[in-house]
Amino acid sequence: MTSGGIRIKAWVAMACALFCGAAWANPEPGQLNMTRGVTEWSSEPYFLNNVALGVCVVIGVLVFGAMFVAMFRFRKSRGAVAEKWSHNTMLEVVWTTIPVIILIVLAYLATGGLKTFADTTGSQMTVKVTGYQWKWRYDYVDYQGKAVEKVGFMSKLDRESDETRQLKSGMDPYAVKVDGYNTYLLNVDEPLVVPTDTKIRFVITAGDVIHSWWVPALGWKMDAIPGIVNAAWTNIKEPGVYRGQCAELCGQDHGFMPIVVKAVPKAEFEQWLAAKEQAAKQPAAPAAPAAASTAAAPATAQVAPATAPQG
Amino acid sequence: MAHAATHDHHDDHHGAPKNFFVRWCMSTNHKDIGTLYLVFSLLMFFIGGSFAMVIRAELFKPGLQLVQPYFFNEMTTMHALVMIFGAVMPAFVGLGNWMIPLMIGAPDMALPRMNNLSFWILPFAFAMLLSTLFMPGGGPAGGWTMYPPLSLQGDSVANLVFAVHLMGISSIMGAINIIATILNMRAPGMDLLKMPVFVWSWLITAFLLIAVMPVLAGAVTMLLTDKYFGTSFFNAAGGGDPVLFQHIFWFFGHPEVYIMILPAFGLVSEIIPAFSRKPIFGYKAMVFAIASIAFLSFIVWAHHMFAVGLPLGGEIFFMYATMLIAVPTGVKVFNWVSTMWGGSMTFETPMLFAVAFVILFTIGGFSGLMLALAPADFQYHDSYFVVAHFHYVLVTGAVFAIIAGAYYWLPKWTGNMYSEFWGKMHFWNSVIWVNVLFFPQHFLGLAGMPRRIPDYNVAFANFNMISSIGGFLFGASQLIFVGVIIHAVWFSKKKATDRVWEGAKGLEWTVPSPAPYHTFEVPPVIHDDELAHGHVDD
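Order-wise, the sequence lines are chains S and W.
Heads up: the first sequence at position 298 corresponds to 382 in my numbering, and the numbers run straight through without jumps.
Heads up: the second sequence at position 408 corresponds to 426 in my numbering, and the numbers run straight through without jumps.
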């Protein structure tokens, strides 16, 4: 944990954030901007964020620039004498109209994004997500039009993070790593495994209080509310492990309720699913080995895979 | 009026009561009650601030070092409740109490006895709220938004609800008093469109308060009956809907955030013209902008709920309505800049805080515009980006404006000049550290750090550490403020003139400093050029 090393890494990441706009899956030290994400839709919020930020920076430079000019030019100490005018209709019309035009453009861009996000039709797979204090349950409902048999599991904070996060544990959060990536509070015992290049519909609800399912790389969050079933969709383009957290205050362990989505190529997912279904049919047999055998496969994935999804 | 004047005739010649208890606990004098409000709000500012210090200390580095997560949640909840209902709102009421009668030429508030009651409710409300921290079940830990079902899991629901009821009663009475005063007690010739912008902003705010505090009262009463009487307003298992609470809460909560900023607009609209020695640019546009913002605040509540699963039409409506607020807000900012343009500016402490307000509040407005874009909000929502946004509008917005107002009128209240050097020390420390505190939180949010978490991944470590350092130093800087006030009240040797600031206009500067216990017993004669905006033409 040499601070120098960390600082250099932070600067590299920062430079990257500023200049390359790289698509990140997971938070990086010193990250300055939103992730572009890895799904068909996730570039929408990223694009809107950048456009809106640009608009704000330009307006900011103009307004604050005018203010600073005024503060230096019209100082009493420089002998400035106050002028008498106190309104100018032309100017007021202009600075009401121009913002309206800018807002119309932004509204147009945002509306398109909203419409595509609201359209959950044509999905090839359905996953039910249920929030509990303080873990997530995932149930696979259907895949390619075929009902999935009894595949579902709880997903909660991994043991290493859990031990480290205890008050005054004396353990080092920087030491919690998976494949070189620090996963403190961002790792689970069993991730949600999904296929890439598949429109996946999520139906999201909760068992006790309100939670919110948020994986920044997917580009959205959706509240999980008891008694209500919300729908959202994603279509992940790049295999990898994507991490997020519960985003709605849900009690004392709200900060310890991570989400890990492991996106794998379709063929691999089908194997994994078949193994899970098989295991569900023989409840006595241990489910883990079958799952573990597939976990080493995505060596080509851009992001290092998490620990094998063991039960 | 006539009756009151004869009845109080004896006091008129004797000024304030000598007995401490009679003067400060039984007061019906708007100036004393204003002082009580301001002192109370300063106390609450430090109590709420100490909760924030606990939060920032825990977030100083990854890993839990100081507090258990449940206590952390109590701290975030109490910090918000105390700051909103204990610090910011009473500070504005205090400023309103002190200054509105002076600015419109009234001898006192319209309902002085109710004024006493509306203040004295507050200490009891906060005693009830804060005492929950020492009770076996702990204080409220479900966030200031009190979303059920989580908020119903706590043991302090009844105390929280009754405390909120008391605060609401106090606010409503304060608002009624302000409306009655402004509409009925203006000196002859003080037309509505000659009133200072601060008075206008409070008039509009008071209507917002009366409109929405009962809504909050209804929402928390439903929480209470859900918890203790087996109703199911918000319980899905009993046919209720947890989202219903959010709609009701934010129908209160969104106007509430404007209740906390509109009087700040008014304050800044007094201070910038005074130190620019130039009338406010576009007086009518300013009043109209405040009124439009107040109207729009009622139809945008669901922008706090973009991630709750609204139908597409709802998302689009609330997005467009929210974006519209940028127009009148922009008008206000442009008008402040134009007021400065062509002026003859000096930069005493109130002006410094007012200028910082304009810049930093605008930055908070920018992030507000970004948050209004629903698809982007799917990422920002409930992240630290939101925390950064509302602290820019509430700390560098509302709180900076209150501090600016306090410095602006401190000589009028005390009769003494505060120390300009220490005022400037307070300003520069505040403005630097508040940005160190809140600016990095934008980055944390964009990188994916949720709000209200007591611990975080190491990727968020560096900005959290910077933010915490800014937090401690910003907190410490506020001690300078206390020093400046104590010095100005008891130790300053420099007497203030009647018209304390060269460019200050308005009736409050026509009375002596300190303002006598009773003012305007005979209504003043209004001269247009004496008013800040008296010569508004067309």
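In short, the hints are calculated from the structure, not lab data.
Possibly wrong hints are sitting among the right ones.
Stated by the list, open to error - Okay, derived cross-link-like pairs now, EDC-like style, lysine to aspartate or glutamate, Cα gap no bigger than 20 angstroms in a straight line:
#1 W:Lys79 <-> S:Glu244
#2 S:Lys283 <-> S:Asp203
#3 W:Lys245 <-> S:Asp292
Unchecked claim - A short list of chain W residues far from chain S (calculated; beta carbon distances all over 12 angstroms):
#4 Thr53
#5 Ile197
#6 Ala205
#7 Phe225
#8 Val275
#9 Phe299
#10 Leu389
#11 Trp527
For every residue, glycine included, the Cβ atom is placed at its ideal position computed from N, Cα and C.
Status of the hints after comparison with the structure:
1. W:Lys79 <-> S:Glu244: holds (18 angstroms)
2. S:Lys283 <-> S:Asp203: It holds: about 11 angstroms lies between the C-alpha atoms, which stays within 20 angstroms.
3. W:Lys245 <-> S:Asp292: holds (15 angstroms)
4. Thr53: Answer for Thr53 (chain W): holds, closest chain S Cβ roughly 32 angstroms.
5. Ile197: Fine: 28 angstroms to the nearest Cβ keeps Ile197 (chain W) off the interface.
6. Ala205: Label holds. Min Cβ-Cβ 23 angstroms, cutoff 12 angstroms.
7. Phe225: Per Cβ check, Phe225 (chain W) is outside 12 angstroms of chain S; nearest 24 angstroms; holds.
8. Val275: Its Cβ never comes within 12 angstroms of chain S, the nearest being 19 angstroms, so this holds.
9. Phe299: Given that some Cβ of chain S is not farther than 12 angstroms from that of Phe299 (chain W), nearest at about 6 angstroms, it is violated.
10. Leu389: Since the minimum Cβ distance to chain S is about 9 angstroms, Leu389 (chain W) lies within 12 angstroms and the statement is violated.
11. Trp527: holds (17 angstroms)
Going down the numbered hints, you'll see the structure goes against 9, 10, while the others check out.
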